[in-house]
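Number of protein chains: 2
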Amino acid sequence: MLRTHTCGELSEKDIGKKAVLCGWVHSRRDHGKLIFIDIRDREGLTQVVFHPKVNAEAHKQAGELRSEYVVRVSGTVGKRPEGTINNNIPTGVIEIAAEDLIILNPSETPPFEINDEGGVQEEVRLKYRYLDLRRPSLQKNFRLRSRLYSAMRNYMNSQGFIEFETPILTKSTPEGARDFLVPSRLAQGEFYALPQSPQLFKQILMVSGFEKYYQIAKCFRDEDLRADRQPEFTQLDVEMSFIDEEDIFKLTEGLMKHIVKETLGIDIPTPFKRMSYDEAMKNYNSDKPDIRKDKAKEPLSFLWVVDFPLFRYNDEEKRWDMEHHPFTSPRPNSLEEFKKPLDQIRANAYDLVINGSEIASGSIRIHDSRMQEKIFELIGIKSEEAKERFGFLLEAFRFGAPPHGGIAFGIDRLMAIFTNSESIRDVIAFPKTQKGICPMTDAPSPVAEKQLRELGIKLNKR
Amino acid sequence: MLRTHTCGELSEKDIGKKAVLCGWVHSRRDHGKLIFIDIRDREGLTQVVFHPKVNAEAHKQAGELRSEYVVRVSGTVGKRPEGTINNNIPTGVIEIAAEDLIILNPSETPPFEINDEGGVQEEVRLKYRYLDLRRPSLQKNFRLRSRLYSAMRNYMNSQGFIEFETPILTKSTPEGARDFLVPSRLAQGEFYALPQSPQLFKQILMVSGFEKYYQIAKCFRDEDLRADRQPEFTQLDVEMSFIDEEDIFKLTEGLMKHIVKETLGIDIPTPFKRMSYDEAMKNYNSDKPDIRKDKAKEPLSFLWVVDFPLFRYNDEEKRWDMEHHPFTSPRPNSLEEFKKPLDQIRANAYDLVINGSEIASGSIRIHDSRMQEKIFELIGIKSEEAKERFGFLLEAFRFGAPPHGGIAFGIDRLMAIFTNSESIRDVIAFPKTQKGICPMTDAPSPVAEKQLRELGIKLNKR
Numbered sequence: 001m002l003r004t005h006t007c008g009e010l011s012e013k014d015i016g017k018k019a020v021l022c023g024w025v026h027s028r029r030d031h032g033k034l035i036f037i038d039i040r041d042r043e044g045l046t047q048v049v050f051h052p053k054v055n056a057e058a059h060k061q062a063g064e065l066r067s068e069y070v071v072r073v074s075g076t077v078g079k080r081p082e083g084t085i086n087n088n089i090p091t092g093v094i095e096i097a098a099e100d101l102i103i104l105n106p107s108e109t110p111p112f113e114i115n116d117e118g119g120v121q122e123e124v125r126l127k128y129r130y131l132d133l134r135r136p137s138l139q140k141n142f143r144l145r146s147r148l149y150s151a152m153r154n155y156m157n158s159q160g161f162i163e164f165e166t167p168i169l170t171k172s173t174p175e176g177a178r179d180f181l182v183p184s185r186l187a188q189g190e191f192y193a194l195p196q197s198p199q200l201f202k203q204i205l206m207v208s209g210f211e212k213y214y215q216i217a218k219c220f221r222d223e224d225l226r227a228d229r230q231p232e233f234t235q236l237d238v239e240m241s242f243i244d245e246e247d248i249f250k251l252t253e254g255l256m257k258h259i260v261k262e263t264l265g266i267d268i269p270t271p272f273k274r275m276s277y278d279e280a281m282k283n284y285n286s287d288k289p290d291i292r293k294d295k296a297k298e299p300l301s302f303l304w305v306v307d308f309p310l311f312r313y314n315d316e317e318k319r320w321d322m323e324h325h326p327f328t329s330p331r332p333n334s335l336e337e338f339k340k341p342l343d344q345i346r347a348n349a350y351d352l353v354i355n356g357s358e359i360a361s362g363s364i365r366i367h368d369s370r371m372q373e374k375i376f377e378l379i380g381i382k383s384e385e386a387k388e389r390f391g392f393l394l395e396a397f398r399f400g401a402p403p404h405g406g407i408a409f410g411i412d413r414l415m416a417i418f419t420n421s422e423s424i425r426d427v428i429a430f431p432k433t434q435k436g437i438c439p440m441t442d443a444p445s446p447v448a449e450k451q452l453r454e455l456g457i458k459l460n461k462r
Numbered sequence: 001m002l003r004t005h006t007c008g009e010l011s012e013k014d015i016g017k018k019a020v021l022c023g024w025v026h027s028r029r030d031h032g033k034l035i036f037i038d039i040r041d042r043e044g045l046t047q048v049v050f051h052p053k054v055n056a057e058a059h060k061q062a063g064e065l066r067s068e069y070v071v072r073v074s075g076t077v078g079k080r081p082e083g084t085i086n087n088n089i090p091t092g093v094i095e096i097a098a099e100d101l102i103i104l105n106p107s108e109t110p111p112f113e114i115n116d117e118g119g120v121q122e123e124v125r126l127k128y129r130y131l132d133l134r135r136p137s138l139q140k141n142f143r144l145r146s147r148l149y150s151a152m153r154n155y156m157n158s159q160g161f162i163e164f165e166t167p168i169l170t171k172s173t174p175e176g177a178r179d180f181l182v183p184s185r186l187a188q189g190e191f192y193a194l195p196q197s198p199q200l201f202k203q204i205l206m207v208s209g210f211e212k213y214y215q216i217a218k219c220f221r222d223e224d225l226r227a228d229r230q231p232e233f234t235q236l237d238v239e240m241s242f243i244d245e246e247d248i249f250k251l252t253e254g255l256m257k258h259i260v261k262e263t264l265g266i267d268i269p270t271p272f273k274r275m276s277y278d279e280a281m282k283n284y285n286s287d288k289p290d291i292r293k294d295k296a297k298e299p300l301s302f303l304w305v306v307d308f309p310l311f312r313y314n315d316e317e318k319r320w321d322m323e324h325h326p327f328t329s330p331r332p333n334s335l336e337e338f339k340k341p342l343d344q345i346r347a348n349a350y351d352l353v354i355n356g357s358e359i360a361s362g363s364i365r366i367h368d369s370r371m372q373e374k375i376f377e378l379i380g381i382k383s384e385e386a387k388e389r390f391g392f393l394l395e396a397f398r399f400g401a402p403p404h405g406g407i408a409f410g411i412d413r414l415m416a417i418f419t420n421s422e423s424i425r426d427v428i429a430f431p432k433t434q435k436g437i438c439p440m441t442d443a444p445s446p447v448a449e450k451q452l453r454e455l456g457i458k459l460n461k462r
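Chains as they are written, first to last, in the working numbering: chain A, 1 to 462; chain B, 1 to 462.
The shape of chain A in the complex, shown without the other chains:
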């Protein structure tokens, strides 16, 4: 360790002790004889005073310090003179009389002031993300995000869930959004796809008998980016066997109660209110209504939206599509349901809405192959096509699939709500712009001809 203490921990009880601190020069006040600097590390700020009589060389060096220099200071903890005490910070009663100074690294003048006052273009902030991330609000956001992961996992583990990793290099299944593709070098002309979600794998793990799966998973969709979309985003992904939707509600409510308490210190009441899709559409003209009466005063309001339609008529294609994905079961979960007109069949699907944002979505899946075939028939997927697109899952279902269902939570959106952030880019460490660009690394970028040749691909001339 290059230090004895952090910049947030020294207080009145340490007066008289020797201390070595490391950190960034946060501010400097040169009073000629005395030079004051505030050193900053992730835990706080500590005032250091350089006196020429204590160490003339250090005092001289301190005169050269500029903002964001990285320094190591040794000295003795003393009480600040009356009238200079700062009660706004925990270290505000003490200061360090510097006996030694090492400049660990100088810094050029940053392209913008490192504070939360705004006014800096986002493109510039993202280019210098390493400086942007020094801002107090972003430091706070990412420490909270880490606590959120931990609270989520602790809760899932306490409920007997098994954490899995599913592959990032997987098969393209053109469904819903567009896939990102990865050309294979060993099998030229063939491609991996990045997963839009671990949906098929988590259902496979139910067929494998693990019963309770979870993963904090990266998901990828190559869509045109709207305001609050990212090409890669993070979900808490969950699946359970031998359960019904009430088990998912109970698990989710316990999870939310736990994570809100652990991250924000707030107690939230459970169970959550439930509203049917029809009621939401009728009363709020939205399938994710914000039911807070006084939005300013109510920090978090949770709502289940249930009883979604199973099918949705696609006017363009003149056919029925699934409202969710094609593995969603009807409610009640019986073949009898299909005797009804299609627009009257309800889905065993549910969304969790917080303050008008859809935060989680899930369903009880079909595990009966006759019902699955019926669904494919109704939405016009021929058996050849079904085999091509979902073959391995349908095959797996032939060998004893348990009844199962699940849910997935959007962690980026949840974090944006928990931190009151305007954009999910404030809760993602290295986000992309709306054009899918990372201004810091310059990704995506041209690659060498040799790399393409090895992959057996070439660029289209434009």
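None of these hints come from the bench; they were simulated from the model.
None of the values given here were measured: they were computed from a predicted structure.
One or more of the hints may lead you astray.
For lysine to aspartate or glutamate, the following EDC-like pairs were computed, each having C-alpha atoms within a straight-line distance of at most 20 Å [to be verified]:
hint	chain 1	residue 1	chain 2	residue 2
1	A	K387	B	D442
2	A	K212	B	E9
3	A	K140	A	E117
Dock chain B against chain A, hints included.
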């Protein structure tokens, strides 16, 4: 919940209770009048007996049951008759007298017996991975893997580390291994790369002032696959600021002690033995020696290999390369070191070796830009090239980079050692073959012409 109990929890104290179990038919013995089945779920096995007098219909249905059918059985817990008690399993004293049976899903005859006796070709096991994963040894491996994640994260959190996610879609930096590329649709002709490791991002996070970073991270390398390599693999990735190598050793030893205790229940002694690279090469002719004296009796032996050379002469290219990556600092960490002949300069780098396997590797990084320039000069990287390859990190270093260092642990290899697995494929849920193929999903696979057109690429004619 479709059940009241799991198949592993009923015992003598439950005799007389009603119970509902769900699970897979593990085995069936038809004694004509009485039919016995063992139901299996992830928690264990429970014997169920069908008697025609209790429920003639259920008894008849039970006659149709076959291996791996999924069932729901209701009945009363009773004591097994003397002489049929099985003391090898926790539920071996009881059985359920079935009053009701629901076949939740039938199963075709599996292509292989679901047990650990071996003899099934790996390609077949991977094709039917959902059945393979039902084997007791694999069930055990993945529950252990989940416990390992949890133990690792709990330890890192307890030491004040912040968990981050770094991007999967990032910039190609042709260094070391070959990158997997992802064509960009929004910027045609440009490519993202999947990260070979989060190395540059974790150093950026140190520049951002987070001080203690960790992530259980997916890493990607498009190499020709050798016996125990996978195109995607998992690391516990760690970086710290204001520290020296002793802090990394101490953290690692605490981490290993904790995870071995939590997963295997074994106490391991710390600190670990250290051996210089020269000594390892001289006495074992290996930079990852297995120092166990009696390999059969000693389950785990930990060794630090230290004092690696900083440079390695590349005979083919007639130049000096880095032994580790170009951000590794010399030891001692001073510009003075470069007055020595290059082959005598040691690196501030360290490997952790368990039973002769390299499990972790790390170094104290360069944070001084003059030293970084000196290194680039010595290994023949021109400043233009350095800018192209590592530009954003070098740029970040201009704005106050703290001294920092880190380490990364190979979780797949660690799991293989902890579970005594011959192959890392037994500890990865959905691994690829040596040809980079997933026999279950058939990835990689051809994609539609339209997908390529949208990406602005085409296949080379062969």
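Hints versus structure:
no. : hint            : in the structure
1   : A:K387 / B:D442 : 12 Å, holds
2   : A:K212 / B:E9   : 17 Å, holds
3   : A:K140 / A:E117 : 15 Å, holds
The structure shown violates none of the earlier numbered hints.
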